[in-house]
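Those protein sequence lines, which keep their order, are chains A and B.
In case it helps, the working numbering puts the first sequence at residues 6 to 597.
In case it helps, the working numbering puts the second sequence at residues 12 to 173.
Calculated directly from the structure, the hints in this document are not laboratory data.
The model shown is predicted, which means the values in this text are computed figures rather than measured ones.
A virtual CB, placed ideally from N, CA and C, is assigned to each residue, including glycine.
Some hints could be false.
Stated by the list, open to error - Covered stretches of chain A, going by a simulated chain B footprint (3 or more residues, C-beta under 8 Å):
#, stretch
1, 19-29
2, 235-248
3, 292-301
4, 403-415
Stated by the list, open to error - Away from chain A, derived, C-beta distances all over 10 Å, residues of chain B:
#, residue
5, Gln13
6, Asp16
7, Glu54
8, Gly72
9, Met79
10, Pro84
11, Lys87
12, Asp112
13, Asp150
14, Glu153
15, Asn166
The primary structure of each chain is shown beneath.
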Amino acid sequence: MANTKVIVGLGSCGIAAGAGKVYDELLRIREADNLDFELKKTSCIGMCFKEPLVEIIDDTGSYLYGEVDIKKADEILEKHIQNFSPIKEYIVKSDKYESVYKNYFDGQVKITLRNCGNINPESIDDYEESGGYEAIKKIGNERISANEIIKTILDSGLRGRGGGGFPTGLKWKFANNNRSKDKYIICNADEGDPGAFMDRSVLEGDPHSELEGMIIGAYSIGATEGVIYCRAEYPLAIKRLNIAIIQARERGYLGKDILGIEGFDFDLYIKEGAGAFVCGEETALIASVEGERGMPRKRPPFPAVSGLWRKPTNINNVETFANIPWIIVNGALAYAKYGTEKSKGTKVFALTGKIKNGGLVEVPMGITIKDIIYKLGGGIIGDKKFKAVQLGGPSGGCIPEYLSHTIVDYDSVNATGAIMGSGGMVVMDETTCMVDMARFFLEFTCKESCGKCTYCRVGTKRMLEILTRITQGEGKDGDIEKLEELAYQIKDGSLCGLGQTAPNPVLTTIKYFRDEYEAHIRDKKCPSVYCKKLLTYEIIEEKCTGCMVCKRGCPTKAITGEKKVPHIIHQELCIQCGDCYSKCKFDSIKVF
Amino acid sequence: MQLFDGNELKKVAEIKAKYPESKAALLPVLWMVQEKQGWISQEAMQYVGDLLGIPNEHILGVVTFYTMFNNKPKGKYHLQICTNVSCMLRGGYELFNFVSDKLGIKNNEITDDGMFTIEEVECLGSCGTSPMMQVNNKDYYENLTTEKVENIINNFKTGHEN
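For reference, chain B alone in the conformation it holds in the complex:
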């Protein structure tokens, strides 16, 4: 498996050069893999292990320890709904259950068309405007209601901007 191209390999070399031990490059390089592929497969772990000279079991340990590393494919839109305390107090679970019912998938599952994954996540620090959802580790949607979230999902489905 040749996962990275020349530029990416150059970036890996730069990351490695920052640290006295190449193991420290593991998290950033795994992030690169996930950004490129959307998730981190067994083959990718092996590739990273060879690249950095790290045993595979260590990489598997790291990937499964950190909750943001995906060891399964995700949908095009990864809906991360916070159900931690501030969101819970303002309807985070109701929101999660609503989306789960609407899309017909459970936590960490993917819809048949590959469009959506929902995930119940821990606090993302937008507690003052809860309940909230983050999409693809990037965009925050806050002060949500079931109507608002339905609208957001419909826009994703139809390719409209949110």
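Looking at chain A on its own, in the form it has when it is part of the complex:
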């Protein structure tokens, strides 16, 4: 079929799942068998849990195949391409059939991710064909002024998607008001929040939308130079951004007198980080661009007044910029149509942890957390009981199951004690210990603290020590109160967002799961049966066959018993290593 397109998803997730090999195989067979179809590349469509994904678009419709390996690729070519007979059981989405993932797709509204998984991110032609660079052409053709753009962004209600939630239009207005000749615009692509990867997906899947958003931002505030500060952990994103920058220069979207607008000169470059979570904070990011250690400084002066090389600097997040071209083309009202009164538009969430459909979803603000987890996310792995979701990474907090009717908008999420953050949703089930989760996040912030502020540097360490003690069965009365006291001191005594929010996971877990803390401290028990030191292993006499496997493996010789006679674990010798539990073939060891 002459018009048939075969499109392979080659985002990081696709490549990791083997999509590169699938692409090569499709290419090989097309050449060997002289098949007539166009073979194209795209990036991640968000369905990371079904990678590698291959889409076939022909005269009859579109068919998205999931979990395609080389064998399946051969089969699809043979049956679908050569014999026009789609293989229904491999299809995850099609306009011809009802999909089992219907809810996953129907619940989404794609604005930020409009091109991800649809265009070849390395082709500027693809981007332009799907409406790319229309926004800046519109600005050039209709001579739209900077003030008018800022008004549009203000009216759209777009708020900073990096986590702060500050109105983007207002930020631009302040930057525009500054009369300095040299101004900088920075894209914060230092996505470090554990459990969030939407920025990576946008940069890998639609780098030109990022550039277009930045060019519009530069025009609106009067910036002459732009920097994309991207974490070095994202090599594919950096590669594709570099390709996009070269292409945009060739077409005159970057450079001098852009779009024939006299005096509108703008160019940008990528600055790679080198691994530091704190560099997501704006003043630390600026220090890092300047070649310093990424340590935040006191504000004011805010970067809008004195930022990169002491010039006025405007910083926005990847997801924020990606929305800008869409808003300019479609208008503020089209964007503000989605969402709630104070949180307009859509938001991308990363679904991770104990969730079936791990990946990205873009939903209108205002839908409930429960709907995201169950309708789009498909529920909990193994259909276990949903316990809580961590929103906002280590700066955020947990929202327990009984508050899962909370809607996603900035204010509703803040009211629970969590934050929207960059949109990472880490889902936890009944087997996740919330005290250990708090300990885990504190370990992270303690490690990532730049060390400048004493409260953040030493305070997080003290909190971590207490939490570690509790999870090891050495908790004492008064520990919870001490944690709370330290938490508020760290919040008050830290310069930047890292320290100010570091105690949030502890505070929210105490707020919602205080009983778990108390069980650890008073009863020396972990209700989720997770904290090793607090577990008890016992042999169920009726089930034990006396096979001696556990006895032989026990490193402390805590198990005794004769062959074919039920064994006994001597608790005073047991070190809770779990070796017997994992080796028993008869399920005759219980743990509680």
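Since the structure of chain A is provided, determine the placement of chain B on it from the hints.
Relative to the frame of chain A, chain B by itself:
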């Protein structure tokens, strides 16, 4: 020490020209060193300091601040295993411990034959398909199990493609 050749020095000059202050060229130039040598030695830091006119203590401060700069040699295959939250929930630590036991090395150590280094790293943003491992700051391996990772390591050992 003459670390860079003519082309590389030209590239350094280009990087410097991008910024109003040469200090800003430090991170990119350190990346160049690491790509060339695999790690950043004291001598290399001195060389970069002379090249950019930056005091050595500043360079040492930068190299030790950022976790991706290696101030010790790494194995040919630098296995970076994420143990952050999403990976942890799906067995990131089990994976790390398994690899550590299999290779007989601890975090940031190098095997005797110089083939492998393992490192426990923070979130690399492939959380939807965790647990994951990155190799040599480049390739992602996702949805890992101990069997899969064993296979990957064996392929590295025998020179087979993964």
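Here is what the structure says about each hint:
1. Residues of the stretch 19-29 of chain A lying with their CB closer than 8 Å to a CB of chain B number 3, which satisfies the three-residue condition for coverage.
2. Beta-carbon proximity to chain B at under 8 Å applies to 4 residues in the stretch 235-248 of chain A; the threshold of 3 is reached and the given coverage holds.
3. Look at the stretch 292-301 of chain A against chain B: 7 of its residues bring a Cβ nearer than 8 Å to a Cβ of that chain, three or more, so the hint holds.
4. Given as covered by chain B, the stretch 403-415 of chain A fails the check, having 0 residues with a CB less than 8 Å from a CB of that chain where 3 are the minimum.
5. Every beta carbon of chain A lies more than 10 Å from that of Gln13(B), the smallest distance being close to 23 Å; the non-interface claim holds.
6. No Cβ of chain A approaches the Cβ of Asp16(B) within 10 Å, the least distance being about 22 Å, so the stated non-interface status holds.
7. Listed as a non-interface residue, Glu54(B) keeps its Cβ farther than 10 Å from every Cβ of chain A; the least gap is roughly 20 Å.
8. In this structure Gly72(B) is not separated from chain A by more than 10 Å, as the shortest Cβ-Cβ distance comes to only about 6 Å.
9. The Cβ of Met79(B) does not lie farther than 10 Å from every Cβ of chain A; its closest approach is about 3 Å, which violates its non-interface assignment.
10. Distance check on Pro84(B): its Cβ is at least 18 Å (rounded) from any Cβ of chain A, clearing the 10 Å threshold; non-interface status holds.
11. The non-interface label for Lys87(B) is consistent with chain A: the shortest C-beta to C-beta separation is roughly 18 Å, beyond 10 Å.
12. Every Cβ of chain A is farther than 10 Å from the Cβ of Asp112(B); the closest lies at roughly 14 Å, confirming the non-interface assignment.
13. With 10 Å as the threshold on Cβ separation, the claim that Asp150(B) sits away from chain A is violated: the shortest Cβ distance comes to roughly 8 Å.
14. Against the 10 Å criterion, Glu153(B) falls within the reach of chain A, whose nearest CB is about 4 Å from its own CB.
15. Listed as outside the interface, Asn166(B) is consistent with that label: its C-beta sits roughly 14 Å from the nearest C-beta of chain A, beyond the 10 Å cut-off.
In summary, the structure is inconsistent with hints 4, 8, 9, 13, 14 from the numbered list given earlier, while agreeing with the others.
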